[in-house]
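Asks: As a plain string of letters, each chain reads:
Number of protein chains: 2
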Amino acid sequence: MIVSALLTSVGINLALCILFFTLYSVLRKQPGNIEVYAPRLVAEGKARRRGGEFNIEDLLPSPGWVQRAWQPSEDDLLASCGLDAVVFMRIFIFSLRVFTVAGIIGVFVLVPVNYLGDQLSDIDFADIPSKSLDLFSISNVKDGSNRLWVHFSAAYLISAVVCYLLYAEFKYISLKRLAYYSASSPQPHHFTILVRGIPAHDGSSVGDAVENFFTEYHPSTYLSHVVVRRTRKLRDLMTDAENLYKRLAHLKSRPHTSEHSRRSGFIGMFRQNGDLVRQYSKKLEDLETNLRIEQSDASLRRVEVPAAFVCFRSRYGAAAALHIQQSVNPTQWVTEQAPEPRDIYWPFFSASFMQRWVSKLVVYVASFILTIIFLLPVAIVQALTNLDQLETMFPPLVGILEITVVSQVITGYLPSLILHLFLSFVPPIMKLFSTMQGFIALSEIEKSACNKMLWFTIWNIFFANVLAGSISSRLEIFYDPKTIPSKLAVLVPAQLLNVYMPKYETGGKFWPIVHNSTIFSLILMQAIAFGIFSLKKLPVASSLILPLPVLTLLFNDYCRKRFLPVFHAYPAETLIKKDREDQNDPSLNEFLDGVVNTYRDPALMPRNHSQDRQEWNSPLLSHAY
Amino acid sequence: MIVSALLTSVGINLALCILFFTLYSVLRKQPGNIEVYAPRLVAEGKARRRGGEFNIEDLLPSPGWVQRAWQPSEDDLLASCGLDAVVFMRIFIFSLRVFTVAGIIGVFVLVPVNYLGDQLSDIDFADIPSKSLDLFSISNVKDGSNRLWVHFSAAYLISAVVCYLLYAEFKYISLKRLAYYSASSPQPHHFTILVRGIPAHDGSSVGDAVENFFTEYHPSTYLSHVVVRRTRKLRDLMTDAENLYKRLAHLKSRPHTSEHSRRSGFIGMFRQNGDLVRQYSKKLEDLETNLRIEQSDASLRRVEVPAAFVCFRSRYGAAAALHIQQSVNPTQWVTEQAPEPRDIYWPFFSASFMQRWVSKLVVYVASFILTIIFLLPVAIVQALTNLDQLETMFPPLVGILEITVVSQVITGYLPSLILHLFLSFVPPIMKLFSTMQGFIALSEIEKSACNKMLWFTIWNIFFANVLAGSISSRLEIFYDPKTIPSKLAVLVPAQLLNVYMPKYETGGKFWPIVHNSTIFSLILMQAIAFGIFSLKKLPVASSLILPLPVLTLLFNDYCRKRFLPVFHAYPAETLIKKDREDQNDPSLNEFLDGVVNTYRDPALMPRNHSQDRQEWNSPLLSHAY
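Heads up: the sequence lines are chains A and B, in that order. Mapped onto my numbering, the consecutive letters of the first sequence carry residue numbers 1 to 625. Mapped onto my numbering, the consecutive letters of the second sequence carry residue numbers 1 to 625.
Think of the hints as simulated: they come from the structure by calculation, not from any bench. Take the hints with a grain of salt, since some may be wrong.
Claimed, not checked - Here are some of the chain B residues that sit facing chain A, going by a computed Cβ distance under 10 Å:
no. : residue
1   : Gln67
2   : Gln325
3   : Phe563
4   : Thr574
Glycine included, C-beta positions come from ideal geometry on N, C-alpha and C.
Go ahead and model the full structure; you've got the sequences and the hints to work with.
Replies: Here it is in structure tokens:
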């Protein structure tokens with residue numbers, strides 16, 4: 001790639017950026033678009049569709065929203081969106097900081113040092129645009145030159161700064177996590193654990209087994225339980241009923257709405273509206289009868305899963321049952337933390353053990369194949385950055401490719417566009433894979449999808465590119481890995497506040513993923529530095545870089561010991577303190593009475609399809625994460 | 001190696017075996033040797049030195065002891081030596097079973113199949129002794145021959161049998177472990193945990209911090225505690241005092257023993273015995289005064305370590321404190337299982353954190369270097385099995401090496417003798433390394449040394465040999481890895497009962513090491529089988545062997561889930577049941593009063609050197625493990 005191609009790419013991106021910024025600034029002010037740009041406010045009743053008065057200001061782009069977007073403090077964010085949103089913002093800011101440090105060192109120190117090297121050719125300041133980018137890379141520093149020590153120092157400096165930032169962030173987020181827990185009102189999942197592998201002996205039900213076991217071994221803390229049931233059939237019936245209800249509501253509302261009257265007359269040519277309504281009503285009644293039969297006790301007994309949500313009187317009681325192996329047979333009475341009730345992925349419980357096992361295996365294989373197949377678009381991109389190769393492969397293109405602008409667009413902008421186009425298909429696929437993998441919580445599914453994406457990205461963008469590329473692309477990597485975390489952060493707060501409604505709250509459990517991938521990136525950078533110093537015939541620097549990964553791994557180990565346990569479970573100190581605070585709270589008993597009901601499968605709740613359903617009011621409301 | 005060399009080796013070993021068996025049979029019957037062959041019985045007062053009457057039968061070898069050695073049942077062993085001895089015997093029997101199965105398949109199926117192959121040369125039944133052993137190996141089976149499927153089936157069969165044996169053994173031992181715990185009388189380590197990283201704030205002592213923390217968060221179960229102290233100085237003083245006391249006792253006893261009177265007269269020429277006694281007594285008194293000063297409270301306060309043994313009123317109380325993270329800062333109030341009092345390695349507590357960290361690193365590096373350096377004797381052995389190489393290296397030897405017997409001894413017997421000679425130096429070194437590594441329990445030290453030895457053996461005997469050897473040695477490996485467990489078992493029970501006195505009881509925690517190394521050996525065997533089938537041009541067999549390691553690893557995973565947790569901690573069910581049994585036992589309170597004293601550092605116990613010390617009575621008493 002040559003410099004002018006890079007500049008073309010920068011120019012195109014900048015122009016697109018300004019265009020989208022203007023469009024957003026104008027469109028968000030249009031009264032009719034409020035449901036698109038602030039669905040959460042509409043859903044919460046904080047904003048309404050304004051009347052249609054015309055206003056010239058609405059058509060002029062204004063940047064005021066940018067300032068407002070950065071205004072909400074961390075506490076505002078915490079109050080309205082929970083800790084996950086705060087952690088998300090911290091990840092974003094952390095990435096910016098890392099990028100700034102690496103950028104400053106790269107642009108103001110390393111690039112000048114590289115450019116003043118003379119390994120590749122003599123300096124000709126007049127014709128910079130047509131020079132290869134390699135001139136700005138470490139390739140241009142003379143082998144064995146003392147200038148390489150600048151790069152050496154940069155590797156140490158960047159590692160030190162990133163580790164410091166990681167430490168500060170990990171400490172801050174783990175303290176926030178504990179404070180958030182301490183400040184939270186009693187939550188059902190604080191008092192509940194999920195128990196699996198419940199041995200139900202012949203005759204007795206799973207429920208009886210749970211009741212007997214916990215009154216025997218946890219008499220003072222055990223409260224109640226809900227047995228999990230296989231509800232796939234119920235779910236299917238409910239989806240049918242819902243679809244039918246929607247169609248019925250649509251049909252019924254038609255004669256009254258004037259807009260549709262003309263069309264309704266058109267349909268009326270084929271069938272009487274009344275007939276249809278009667279037919280659908282009958283079908284819906286049948287379905288609802290079926291549903292009630294399926295929801296009855298006798299049917300439910302048949303589909304018991306040997307798992308139950310068990311509730312305790314105190315947080316410490318739940319923790320004791322969670323952390324101590326319960327049964328003599330470790331595959332029975334297996335305890336794990338219960339997710340938040342809204343975070344549970346109920347369909348999972350319907351799959352049999354064998355189904356889960358097979359689908360897990362299939363998912364691994366499929367993810368692997370997807371990662372490998374993706375080398376195809378990467379190869380195309382590689383070909384585009386290399387015009388000569390392209391001309392050899394497609395001889396008719398020679399003429400076109402010789403036009404300067406075309407060649408610059410092709411080598412500079414097109415490759416990244418194509419790559420991003422292909423990349424955009426991957427996250428939904430990875431999420432689908434994770435859904436099939438058998439997690440019981442939506443947050444776990446998304447965390448797993450996130451991890452899959454990370455490894456996919458690392459493999460494809462870094463390894464595949466590096467192994468196939470020149471030393472120049474190798475050098476890009478040298479500065480690139482540190483931006484991985486920024487791939488996780490692509491939103492600004494205004495959006496979090498106005499658009500997203502948190503679906504669950506993990507209490508910042510996403511942070512360790514960022515920490516781990518940053519450490520991985522550092523090690524990768526150090527390994528590449530080691531390789532480059534060897535290639536550049538500066539063996540002393542190669543050897544002296546070796547302590548760096550060792551130190552980085554020791555630092556990582558310390559962080560894992562010091563902070564990570566807080567992300568897995570809350571300490572006894574915190575739990576007991578909160579339990580004692582609650583002892584004097586008269587409302588706790590009321591709360592405890594209701595806890596068990598929050599863990600009932602929504603499919604088992606009685607439904608009345610003539611009631612209004614809130615979800616339909618806000619079809620555009622997105623969910624965070 | 002040729003067949004006759006192998007036979008020479010077998011012959012020499014057999015002859016030595018018979019010689020040692022005869023010597024043992026005769027020597028053990030000599031009345032004077034009872035302290036050598038049954039020191040435990042002497043120490044426990046169950047056997048005494050018999051009078052010196054002459055008996056002709058004492059000089060004839062008799063094999064009766066072999067039968068008696070196998071007589072004690074598992075229950076006898078359990079009662080007199082604890083569960084570890086039983087597990088040890090089970091490991092021995094397990095190894096024998098594996099070896100028998102592999103041996104039968106190898107000798108009666110695979111060796112004939114190999115010998116009837118014709119890859120290497122035509123069969124000449126007349127001259128078997130001078131044939132190379134390769135003729136009996138898979139090298140002799142024709143490439144791509146269908147006979148290789150016999151080997152293929154053997155790989156599957158052996159894997160299945162070994163996995164079945166492992167499963168049965170793991171299940172048996174884990175049930176035994178639980179039963180042993182259930183049947184045991186209250187033991188101090190059931191009620192005690194070790195707490196480290198105790199934050200002592202300015203002014204207050206570690207003891208106060210422990211008292212405050214546990215009365216605050218575990219008021220109903222907390223019993224008492226002992227703070228650990230640095231006792232290196234005390235230990236040194238005590239060693240000096242003991243040595244001095246021994247010399248004094250020796251001096252004092254001299255005038256009364258008639259045997260020594262002549263010598264004592266000889267020494268008397270240089271110095272009066274009385275003078276020496278007075279001088280030593282004075283020194284001993286000074287030392288004991290120093291000891292008492294060091295043992296006083298004021299001095300002890302100075303050397304407090306931020307660690308304590310904390311005792312609880314119930315087993316479940318101890319487990320709750322053990323399994324739940326206690327402090328908001330995970331590096332403070334770190335809990336772990338307390339070892340048995342007799343199992344504690346006290347000197348460890350004297351080392352500072354930095355010392356421990358550095359010595360751990362040094363140990364890793366040293367173990368690595370030892371493993372590498374050991375390639376030298378392995379290389380020598382390699383050279384010996386290859387006579388031609390030896391003749392090239394040392395031309396003067398040519399004449400000697402051409403004598404048949406010499407060459408057969410050199411290629412058949414000498415290599416393994418040299419290797420075993422060098423190998424015998426390794427275990428003490430590895431144990432020394434493990435001692436430096438910072439374990440708080442002797443059992444942990446020995447487990448770690450055991451693991452080091454295993455990896456050392458695997459690396460040196462298998463990899464180094466295989467990588468340097470021919471396909472024949474590769475094939476030996478094919479049948480060899482399964483014997484690793486037998487390397488762990490080198491004793492017979494009679495010895496356990498008469499010679500060894502258990503120093504600690506891990507409740508069979510050694511078994512998982514055997515399980516893991518057996519699984520590793522199976523995978524190694526399967527990998528080698530894969531390689532051999534590829535080399536032998538039977539790609540279908542190569543591919544069809546691939547499910548085998550996958551199945552083996554899945555089996556291993558299942559075993560780890562199903563049985564391993566029981567080896568880490570006892571389940572709530574067991575703990576609570578035992579606690580309830582004890583509730584009605586009036587002697588429990590008495591026991592609990594004494595628990596904390598069992599965890600006092602022996603260096604802090606008041607000593608009186610004029611008392612008899614039991615250890616000196618049984619200098620030959622070995623300790624098991």
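Asks: Compare the structure with each hint and give your call.
Replies: Taking the hints in turn, this is what the structure says about them:
1. The closest approach between the C-beta of B:Gln67 and any C-beta of chain A is roughly 38 Å, which is over the 10 Å cut-off, so the hint fails.
2. Interface hint status for B:Gln325: upheld, as the beta-carbon distance to the closest one in chain A is roughly 4 Å, under 10 Å.
3. Here the hint on B:Phe563 is kept, as its CB sits about 7 Å from the closest CB of chain A, short of 10 Å.
4. The interface hint given for B:Thr574 holds, since its Cβ lies 6 Å from the closest Cβ of chain A, which is under the 10 Å cut-off.
Of the numbered hints listed earlier, the single one contradicted by the structure is hint 1.
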